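> Each chain is listed here by its residues.
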Amino acid sequence: MKGLITVFRKEVRENIRDRRALFNSLLLGPLLFPLLFVGMMWFLESAEKERAEKTLELPVIGAEYAPSLIRFLEQQGAKIQPEPENPEEMVRSQEVPVVIRILPEFPEKWNEGLPAPIEVISDPSRQESNAPIRRVKGLLYGYGQQIGSLRLQLRGVSPQLASPIMIKDVDLSTAKSRAILAVIFLPYVLMITAFTGATHLAMDTTAGEKERKSLEPLLINPVPRWQIMTGKMLTTTVFAMASLALTLVSFRIVLPYMPVGAFGMDLTLGLGTLLKILLTVSPVAILAAALLTLLASFAKSYREAQSYMGLVILIPMIPSLIFMANPIKAETWMMNIPLFSQNLLIGEIIRGETVALGWYGMSIASTLAIGLVLAVLAANLYNRPKLIFSSS
Amino acid sequence: MIVVRNLHKAFGDVKAVNGVTFEARDGEITGLLGPNGAGKTTTLRMLYSLLPPDQGEIRIDGLDPTRDAMEIKRTLGVVPDSRGLYSRLTARENIAYYGELHGMREAAISARIENLTATLDMADFIDRRTEGFSQGQRVKVAIARAMVHEPQTVLMDEPSNGLDVMSTRALRHYIRSLRDAGHSVVLSTHIMQEVAALCDRIVIIAKGEVAANGTAEELLERSGCDSLEDAFVKLIGSEEGLLA
Numbered sequence: 001m002k003g004l005i006t007v008f009r010k011e012v013r014e015n016i017r018d019r020r021a022l023f024n025s026l027l028l029g030p031l032l033f034p035l036l037f038v039g040m041m042w043f044l045e046s047a048e049k050e051r052a053e054k055t056l057e058l059p060v061i062g063a064e065y066a067p068s069l070i071r072f073l074e075q076q077g078a079k080i081q082p083e084p085e086n087p088e089e090m091v092r093s094q095e096v097p098v099v100i101r102i103l104p105e106f107p108e109k110w111n112e113g114l115p116a117p118i119e120v121i122s123d124p125s126r127q128e129s130n131a132p133i134r135r136v137k138g139l140l141y142g143y144g145q146q147i148g149s150l151r152l153q154l155r156g157v158s159p160q161l162a163s164p165i166m167i168k169d170v171d172l173s174t175a176k177s178r179a180i181l182a183v184i185f186l187p188y189v190l191m192i193t194a195f196t197g198a199t200h201l202a203m204d205t206t207a208g209e210k211e212r213k214s215l216e217p218l219l220i221n222p223v224p225r226w227q228i229m230t231g232k233m234l235t236t237t238v239f240a241m242a243s244l245a246l247t248l249v250s251f252r253i254v255l256p257y258m259p260v261g262a263f264g265m266d267l268t269l270g271l272g273t274l275l276k277i278l279l280t281v282s283p284v285a286i287l288a289a290a291l292l293t294l295l296a297s298f299a300k301s302y303r304e305a306q307s308y309m310g311l312v313i314l315i316p317m318i319p320s321l322i323f324m325a326n327p328i329k330a331e332t333w334m335m336n337i338p339l340f341s342q343n344l345l346i347g348e349i350i351r352g353e354t355v356a357l358g359w360y361g362m363s364i365a366s367t368l369a370i371g372l373v374l375a376v377l378a379a380n381l382y383n384r385p386k387l388i389f390s391s392s
Numbered sequence: 393m394i395v396v397r398n399l400h401k402a403f404g405d406v407k408a409v410n411g412v413t414f415e416a417r418d419g420e421i422t423g424l425l426g427p428n429g430a431g432k433t434t435t436l437r438m439l440y441s442l443l444p445p446d447q448g449e450i451r452i453d454g455l456d457p458t459r460d461a462m463e464i465k466r467t468l469g470v471v472p473d474s475r476g477l478y479s480r481l482t483a484r485e486n487i488a489y490y491g492e493l494h495g496m497r498e499a500a501i502s503a504r505i506e507n508l509t510a511t512l513d514m515a516d517f518i519d520r521r522t523e524g525f526s527q528g529q530r531v532k533v534a535i536a537r538a539m540v541h542e543p544q545t546v547l548m549d550e551p552s553n554g555l556d557v558m559s560t561r562a563l564r565h566y567i568r569s570l571r572d573a574g575h576s577v578v579l580s581t582h583i584m585q586e587v588a589a590l591c592d593r594i595v596i597i598a599k600g601e602v603a604a605n606g607t608a609e610e611l612l613e614r615s616g617c618d619s620l621e622d623a624f625v626k627l628i629g630s631e632e633g634l635l636a
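Protein chains in written order, with the numbering used here: chain P, 1 to 392; chain Z, 393 to 636.
Extracted from the complex, chain Z is given alone in its bound form:
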């Protein structure tokens, strides 16, 4: 469960995040939707405690990232915008490294990797060095290493970026399975269809502020539009960045 209240972050004169407020519940997929540069990545970075907020409050299962950074990092699984893998290590070694950094025991790590290999369909390449992996394979390894310690809360920054249709389908399937297992999932995206297909709750962010917040039905109702696409355009006030 994530609670964000009145979050602010500025870089020099640029106000990247300017009063963002939303909640992400357990057993739900929350989508942060907005054009490029709207402040989604900055918001997520403050959630996973890599950036300190200038102002505002964040609680993840009651913990504050500015004060309990280590504790929060243990409960979070993060697939950030940067998903660099170590190309001289195999997929398995990449994932195991993160397990060790989480202080997991070797037996627990290998059992968990077996499990993730099956779930994410990685058997073909789990013992290959990640040099030359396809975009889809990379994302799978990045997700697996983020999930190795079985985090309750999952944050994903543009998870389907660069994926083909089949990989995207598999990814969506996996994200839904996380929700069904009771995890709180927050993902950011600039692709409207992704939110429509996946998210239980939608937070529309534009220019560092929340333009609208609610379920798909609520957004349709509030905007008075027939289709989600029209509703987004109306709520954001422009078509910029919404056409996938």
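Extracted from the complex, chain P is given alone in its bound form:
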């Protein structure tokens, strides 16, 4: 085992001096993702706020058919715009998000006490017009309710008769369980970080060593090859874990700068939670290190290895993407699936649920088992002379 430790120490020393390794493992993931997250939240929040607070500029066609409705809209703060020439075209070209058209039969129907038609012209497939559409419809609905009640009262009927049921919201979600975005985003980021943290090291210690022509002389030393490879994988694992730990710490630091209400109320990530999450994702670092080392060992050069890595980085994304498209309830058997189980577990931890110890055990054991199988394969790869000399 002495050889293994020697290789490990040398790789750590060498890579700590490597700006590329430090940047990729210890800076990129831990800094970029949390900042991206905060930035995204602020952007969403401010865009939403801006749309909600902006005066509603509403072009109306046929305003003369419903003067009292127009007055109502103006009282509610809408700014009525003159009749546009081609309302459909205006909406299509995004000049305005929504236009209403009061049809000529409106006064007639109104006076007869029949539903009077109003068209709301909009394109709901455009995300940014959703807020104004909601506002316009809400105003129209409110006006309708108001007039409806008045009409009933005029005929001596209690308006309550028209509301046979009353819906009350009883909200059982806690502040933490509302943190949907964090529940999806944090596991996703951590899975990717485990892989990005390992990528450079896995490539540099194998394909890189081959490319620099230092692999052949290294293997002439009286140290079993599995020890040399394991020493390298150990270094890669340590860098990946450092990357994960730093990412978590960095999330912890940026959380207070999140816009209020982004997650409900308090998602603080206390020390205990951080440690639980780190424990949950650590086996992924081993899995990533083994898998990436295995693949990079086949490459003749750093560049060739890089071309494989683009595809590999998709692997940690798959469970998160499934989870995003189809949020499912965590069940025991799912804990046997590496990457997927971590996604579910981190979700549970953030939501503040108590997670059964058995679930942690299964997730860690299944991920470690696959990681170790890959590690054994990778450790014995350089017993094949073809792979050692493929660069020369």
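Note that these hints are calculated values from the structure, not bench results.
Just so you know, not all the hints are guaranteed correct.
Derived pair list, reagent style SDA-like, types lysine to any residue, alpha-carbon separation capped at 20 angstroms [claimed, not checked]: (1) P:LYS137 - P:ILE147; (2) P:LYS2 - Z:GLU463; (3) P:LYS168 - P:GLN145; (4) P:LYS386 - Z:VAL406; (5) P:LYS386 - Z:ALA461; (6) P:LYS2 - Z:ALA499; (7) P:LYS213 - Z:GLN527; (8) P:LYS213 - Z:LEU555; (9) P:LYS2 - Z:GLY495; (10) P:LYS300 - Z:PHE403.
Remember, it's a predicted structure, so these values are computed and weren't measured experimentally.
We have chain P already, so just place chain Z on it with the hints.
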């Protein structure tokens, strides 16, 4: 002492080494001479147990590389064709890494590095990172790390490749000093002058086979030529690759 008998190695259809037999004694410099692609590097790789032979027998001080690989690696000092150094480590750290891999103690390693620094004249750059080293400096570090554990048998693949005149002179001087200290030195080269200047015993390899084997005088005698150059050409049967 190295004994090689009837060594064979093929890569697919290509017979890289096809029945090579020779001996390399202690206190002698043995040169494997042959054109590029003659099978010299493959032969050396089988000696230092990185490639298993298809057929044939190798004994290095009585040990068999296919069975006693770890033991053999402890007694061998190898400067292979690939001499990549770790550019983010200093020359001293590069050499010490190999000492540690050989299981040497720290004190022994630093004493040995002092010794090698003096012998190979590396004092100017021993504590510099190897990034940007000249070819000559690289070869010196590669030799030093191969010799850190004081091996009895030394294998060098084209050691003077890419060296200038002064570095080559220093290298030859060092190799002779190894021989005088009783080591068995085997080096491969495609440069005739190198063999003539350095080697006690010459093994001419062409197309994976030994074309001739003996001291310089014996080769002259056998070929009936006046100069070594003519003798090589005659023994190999072509001039290919022999003109340095």
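> Does each hint fit the structure? Answer for all of them.
So, going through the hints one by one against the coordinates:
1. For a cut-off of 20 angstroms, the pair hint linking LYS137 of chain P to ILE147 of chain P stands: about 15 angstroms separates their Cα positions.
2. Taking the CA atoms of LYS2 of chain P and GLU463 of chain Z, the gap is near 16 angstroms; set against the 20 angstroms cutoff, the hint holds.
3. For the given pair, LYS168 of chain P sits about 19 angstroms from GLN145 of chain P by alpha-carbon distance, which is consistent with the 20 angstroms threshold.
4. Distance hint between LYS386 of chain P and VAL406 of chain Z is fulfilled; the C-alpha atoms sit about 15 angstroms from each other, no more than 20 angstroms.
5. For a cut-off of 20 angstroms, the pair hint linking LYS386 of chain P to ALA461 of chain Z stands: about 18 angstroms separates their Cα positions.
6. For the hint pairing LYS2 of chain P with ALA499 of chain Z, the CA-to-CA distance comes to about 17 angstroms; that is within 20 angstroms, so the pair holds.
7. Restraint check for LYS213 of chain P and GLN527 of chain Z: satisfied, since their Cα atoms lie roughly 14 angstroms apart, inside the 20 angstroms limit.
8. Proposed proximity of LYS213 of chain P and LEU555 of chain Z is supported: the alpha carbons are some 18 angstroms apart, at most 20 angstroms.
9. In summary, the hint linking LYS2 of chain P to GLY495 of chain Z is supported, as the alpha carbons are separated by about 8 angstroms, within the 20 angstroms threshold.
10. Between the alpha carbons of LYS300 of chain P and PHE403 of chain Z the distance comes to roughly 19 angstroms, so the proposed pair stays at or under 20 angstroms and holds.
In summary, this structure violates none of the numbered hints.
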